[in-house]
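**Q** Using the sequences and the hints, build the whole thing.
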Amino acid sequence: AMGYPMAGHMARLGGHSCLVWNRSTEKAERHAAEFGSSAVSDLVALAKAEVLLMCLPTSDEDATMAEQLAPHLRKETCLVSCTSGEPSATKRLAASLRERFGVHFMDCPVSGGPKGAAAGSLTCMLGADSDAAAERVMPVIQAFSKKVVRCGPVGAGHAVKAVNNALNVTHLLLGHEGLLALQRFGVDPSVAVDAINGSSGRSLQTEQRLPQEVLSGRFAYGFKLPLMAKDCRIAAKVLEENLPAASLLPAAAKLVQEATREEPEDADYTRVVCHLERRTGTELRAGGSAAVGGAAEPPAAAGAVAGVPCGRKRQRSESEA
1 AMGYPMAGHM ARLGGHSCLV WNRSTEKAER HAAEFGSSAV SDLVALAKAE
51 VLLMCLPTSD EDATMAEQLA PHLRKETCLV SCTSGEPSAT KRLAASLRER
101 FGVHFMDCPV SGGPKGAAAG SLTCMLGADS DAAAERVMPV IQAFSKKVVR
151 CGPVGAGHAV KAVNNALNVT HLLLGHEGLL ALQRFGVDPS VAVDAINGSS
201 GRSLQTEQRL PQEVLSGRFA YGFKLPLMAK DCRIAAKVLE ENLPAASLLP
251 AAAKLVQEAT REEPEDADYT RVVCHLERRT GTELRAGGSA AVGGAAEPPA
301 AAGAVAGVPC GRKRQRSESE A
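The sequence shown begins at 1 in the numbering used here and counts up by one.
If you're looking for bench data, these hints aren't it; they were derived computationally from the structure. Mixed in with the good hints there might be a few duds.
Unchecked claim - Calculated pairs, BS3-like style, for lysine-lysine (alpha carbon to alpha carbon, straight line, at most 30 Å):
#, residue 1, residue 2
1, Lys224, Lys147
2, Lys237, Lys147
3, Lys224, Lys91
4, Lys146, Lys48
What the hints assert, rightly or not - Across the chosen pairs, the derived CB separations fall in these ranges:
#, residue 1, residue 2, range
5, Val44, Gly281, 52 to 58 Å
6, Glu26, Thr280, 44 to 50 Å
7, Lys27, Pro71, 23 to 29 Å
Note that CB positions come from ideal geometry on N, CA and C, so glycine has one too.
**A** Right, dumping it as structure tokens:
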């Protein structure tokens with residue numbers, strides 16, 4: 001969802017050629033046809049590049065891919081992870097690749113979602129040990145971003161991104177909880193959000209995610225809940241190692257893990273609020289409330305995504321496995 005349009009912006013970058021590889025050769029060839037990049041079927045063919053970017057689900061995939069590529073890379077090649085990864089693992093991998101192969105490994109997770117990737121307006125959080133290497137990758141990163149922040153040494157970008165995502169989903173849960181209470185008090189949640197968004201309690205979640213994804217019952221922002229849960233586990237570890245007295249974000253991270261266990265693997269992260277709705281027996285939707293799991297079924301449009309209300313966990317079909 002993210003890497004495809006990001007590489008599209010890279011392909012349009014003047015003075016550079018862009019090679020693309022994907023586990024699916026068909027997808028790489030489709031990218032080449034759409035953006036003018038050059039599809040390669042052999043991973044080793046990427047070794048001719050001076051700057052390589054990886055957009056993968058976890059640090060484990062980062063390590064696997066880097067270990068396959070590194071023996072074929074020239075010294076001083078820059079290998080950049082746009083994964084939302086684990087900071088300690090990133091630091092270990094960077095040190096190992098530098099010592100064994102002379103390769104610069106950097107972390108550059110991104111924020112802005114699929115729309116930001118398509119628009120080239122992502123925010124990038126760069127962690128790099130070498131100032132010179134950071135400068136070399138900057139023009140490539142800027143091709144798909146509106147803002148690049150040098151967060152510190154290797155691993156710093158991944159640490160900031162994890163905390164950012166934990167704050168993201170925590171704000172969503174807090175806003176949802178407050179609106180549930182207001183709805184029970186008799187306030188239409190759409191009216192409450194309108195008031196809050198003109199006041200000091202507003203956030204991205206009250207301005208966009210809650211009205212567009214939750215109150216509408218759409219739940220289709222484009223970022224999967226299991227990936228958000230992974231980022232929250234990383235943030236909780238960062239807090240545990242650096243601020244053992246922390247309590248608020250760890251509590252939210254625990255709630256996200258509980259919610260993830262209740263949802264299908266392809267659930268959008270905004271469905272994290274369904275955990276609260278099941279606990280309270282009330283759905284938060286524009287225009288009023290609907291019971292969850294009670295005697296009365298909610299209206300068809302309330303809380304349903306492809307026929308899936310928050311009150312029940314959808315079973316995955318064989319075609320989704």
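**Q** Looking at the structure, which of the earlier hints fail to hold?
**A** none
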